[in-house]
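Here the structure of chain F is known, so what remains is to put chains X and P in place on it, guided by the hints.
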Amino acid sequence: MKLQEVAERLHCRLDGDGAREILRISGIEQAGPGDLTFLANAKYAGLLATTRASAVIVAESARDLDAPDGCALLRSPDPYSAFAHALGLFIQTSAPAKGIDRFSAIAPDAAIGPDVSIGPFVVVGTKATVGAGTVIYPNTVIGPHATIGERCTIYSHVSVRERVVLGHRVIVHDGAVIGGDGFGFAKQADGTHLKIPQHADVIVEDDVEIGANTTIDRPAVGETRIAAGTKIDNLVQIGHGVSIGRRVLLASQVGISGSTVVEDDVVMAGQVGVGGHLRVGKGVVAAGKTGITKSVEPGEFLTGYPGIPNREWRKASVIFKHLPELKKRIEELEQRVAELTEKLAECQPSTDR
Amino acid sequence: MKLQEVAERLHCRLDGDGAREILRISGIEQAGPGDLTFLANAKYAGLLATTRASAVIVAESARDLDAPDGCALLRSPDPYSAFAHALGLFIQTSAPAKGIDRFSAIAPDAAIGPDVSIGPFVVVGTKATVGAGTVIYPNTVIGPHATIGERCTIYSHVSVRERVVLGHRVIVHDGAVIGGDGFGFAKQADGTHLKIPQHADVIVEDDVEIGANTTIDRPAVGETRIAAGTKIDNLVQIGHGVSIGRRVLLASQVGISGSTVVEDDVVMAGQVGVGGHLRVGKGVVAAGKTGITKSVEPGEFLTGYPGIPNREWRKASVIFKHLPELKKRIEELEQRVAELTEKLAECQPSTDR
Amino acid sequence: MKLQEVAERLHCRLDGDGAREILRISGIEQAGPGDLTFLANAKYAGLLATTRASAVIVAESARDLDAPDGCALLRSPDPYSAFAHALGLFIQTSAPAKGIDRFSAIAPDAAIGPDVSIGPFVVVGTKATVGAGTVIYPNTVIGPHATIGERCTIYSHVSVRERVVLGHRVIVHDGAVIGGDGFGFAKQADGTHLKIPQHADVIVEDDVEIGANTTIDRPAVGETRIAAGTKIDNLVQIGHGVSIGRRVLLASQVGISGSTVVEDDVVMAGQVGVGGHLRVGKGVVAAGKTGITKSVEPGEFLTGYPGIPNREWRKASVIFKHLPELKKRIEELEQRVAELTEKLAECQPSTDR
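Residue numbers (this note's numbering), protein chains in the order written: chain F, 1 to 353; chain X, 354 to 706; chain P, 707 to 1059.
Keep in mind that the hints are not guaranteed to be accurate.
Unchecked claim - Derived pair list, reagent style DSS-like, types lysine-lysine, alpha-carbon separation capped at 27 Å:
| # | chain 1 | residue 1 | chain 2 | residue 2 |
| --- | --- | --- | --- | --- |
| 1 | F | Lys98 | F | Lys127 |
| 2 | P | Lys1049 | P | Lys1033 |
| 3 | F | Lys195 | X | Lys396 |
| 4 | X | Lys548 | P | Lys988 |
| 5 | F | Lys343 | P | Lys1049 |
| 6 | X | Lys668 | P | Lys1034 |
| 7 | X | Lys540 | P | Lys749 |
| 8 | X | Lys647 | P | Lys749 |
Said to hold, decoys possible - Some, not all, of what chain F presents toward chain P, calculated at C-beta under 8 Å:
| # | residue |
| --- | --- |
| 9 | Ser94 |
| 10 | Pro138 |
| 11 | His157 |
| 12 | Gly229 |
| 13 | Leu235 |
| 14 | Glu334 |
By construction, these hints were calculated from the structure, which means they are not laboratory data. Even glycine gets a Cβ: it sits at the ideal position worked out from N, Cα and C.
In isolation and in its complexed conformation, chain F is listed as follows:
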């Protein structure tokens, strides 16, 4: 694709030779001739001088850029988003061919929309629905009465269990399990655990992305819901009856216990854990490995276990490793106070008594 066309498609202002051919998108350090790259963070501006890329996407407002001779600039008000769009121009699809592979097992009464791609060894259960333009990679199983919206991408080895509902443009990565049983048992007098059947609803709204080998559980009653635009990374656990708001980001290996509500725009870094029956307020941010043990007000930034405000945590955790020294100082103080007390006992009280 000519650089001129790339610039137009990305709504960038071109500063350089639009006739050159762009073949690939690369990182600024690996880029070579024919490559387009980007510079979204001023911190890395120094890398521009030595890049061998044919063109670089930069901020509209960037000044004093020291690009090599012959390296074109594409100026954008939002270079990181322009980079995302640029990547989209060069995607080679790996999707199964249009149509339904003959080695699949599609229930005769399933409703399959137009323009779908369904790979080999895919199962679609009785009365399930697959929306127009949806792509299902090989060896995935869509359960009975499940509903998949339009233009979804379901990768391989995914289990979309019975009656689960996915909205439009949902992406589900390999091995994710949506609608498995919640972990619910009633303890019996003899110490055994009676299973509480888990057969209620799981709803995943539009534009949600679900990572590889992530598990989203089904509750006994009510619903588990992932609201529109939320993105979930790999190996995340969403307990039964959990409600995740809109535009939430959950990084890898996060675990949310049953019946908890995570409000809109929350961000959790990797390996965060959240207890059950809690409410995590709108826009809360939790640093990696935070353990959230009680409900959190909107807008808080938590860290640690139990999760406390990041500011407090940082100050306290710096001191943690000095605990042996603090203990020693306390012991010395005790020693000195004992000595002072003894000495003072020897002192003459003032004579005005």
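Relative to the frame of chain F, chains X and P by itself:
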């Protein structure tokens, strides 16, 4: 189903009109006409006044209940268990049809019991056994010489590896891997790792439930065992040679390192980690994210990393965030003690010396 | 196999009757007649006296061993490695039969080497390559243009996504996902997240082992690389653009965030988490559950969250549970200093003023 019949099946005492039709089981807040719900926790008794359910399961002993007119009560000595049984009355099965799907690959010498349901793209290896009434969902693989007991439910994309033994009524959720290689290597003089082959036994006893994408490893020698009635949640790791006792509950994302023994009735909340070659005593409880680094006596309740008694942990962790203030107080004490020391030096010793 | 032959194959010096038949390899406590076992750790030397094994592999240098009458000894300079080799002599394979199962879906233009074993319901995409002697278990999916080297073992339900490259002798356990999308989004002005397409390279070098349900992500640009000889346990997350060095050991449930570099010979115990864009130096060791929040110099041994040198962490964490007592001691000191101050005020200043 008529409410009268529901009451009889659940062994509840009916207080209301037994002729009404029950269509669904719901949560007390979502329930509407035709719904049966439950009230197991006195804390939520206030919700009873406004429920629109047709009937509510309540404790035999509950007094002063303020149910709306026309809302029947089902009285049970154990309302939570009665609720579990009620859910069981209304389950719609999603299991594959009885018989063996023609798109499966069943070894001719596998022993398949009567009344099984085996879905499409299931593989059952040579000399494997599948017990009577067991259900295997699509795309699951049962390895050679594996033994599956009676009335088990194995969901999709499960790997039951060669020679693994499952008891009766075992439930394995989607994507679980039972019998993969333990993580064992012998470090060589050149720094490389020689694989220790892992080919010994994995035994899962009766009535065990294994969550989605959970992994249970096979040891080099000896066995990995999950004893009867234990329930394991999603994304849990059970290392090679681990022995888990009876009626243990392991919540999501727990990890148990190799050769550790977890005794009966232990409960671990989410993201707990346990080191290798340890013994976790009968009835131990570990709060979420606890790191167990040494063996634990029966009955302890641990929290934190390293795990310490919950009582101690709670008191200590409350103080953690005040460390900066404590440090300041120590500094002030040091300052004041220095001043006192100086002042005391100016003091007259008592004259009786 | 005769013990004499076992001794020769393991390059051990035989001390006992080489004519006896060895049937199995077992742990020293479980071993019975016909079993070979091992004693690699002097700590367990006491178990030798009561073993019922027919033969025991022991250290060349071990002295004063108290083996039962008739129990042969195999002396080796490295008994643990000899044990690993011994296990290899008795492996019963569970691999699919040689050749390509007729229930598989192999693209006509895929390049399949000689002597492969490909099980039922396996998919190999267009222009993919599978090297000589490689074994692919049932229901695994190899994406278009992926390259699998020679003598690899790919277990069931694995996703090797499009264009991923695996070297020779790579082992991938059930359910692992190699080449799923990295978790990368550009936040838009309206709060939504624009997906950054993730289509760059994933390279897994020779002799790497990847655990069950582990996920290794693909970056937008550049590559994710696992260097030769590295061993990764189950349920591990490797973020996009991560570079893992040679001979690294990552235990179960470890998570490495995007763009981080883990140098050669690093060892991370279970549930360790590493932040993004960091460098973990050669030979670093991290104890279980450590949270690595900044780059680490080679050779460090870290523990805790944030990860600090193990020595410091151990000293500090011992004191953690005594925080309530330390706080009390500070309060008492404050009280006593106040009393001293008061008393001192009553004191006669020395008369030389």
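Verification of the hints:
no., hint, verdict
1, F:Lys98 x F:Lys127, "holds (22 Å)"
2, P:Lys1049 x P:Lys1033, "holds (24 Å)"
3, F:Lys195 x X:Lys396, "holds (23 Å)"
4, X:Lys548 x P:Lys988, "holds (22 Å)"
5, F:Lys343 x P:Lys1049, "holds (12 Å)"
6, X:Lys668 x P:Lys1034, "holds (12 Å)"
7, X:Lys540 x P:Lys749, "holds (19 Å)"
8, X:Lys647 x P:Lys749, "holds (18 Å)"
9, Ser94, "holds (4 Å)"
10, Pro138, "holds (4 Å)"
11, His157, "holds (5 Å)"
12, Gly229, "holds (5 Å)"
13, Leu235, "holds (5 Å)"
14, Glu334, "holds (7 Å)"
Every hint from the earlier list agrees with this structure, and none is contradicted.
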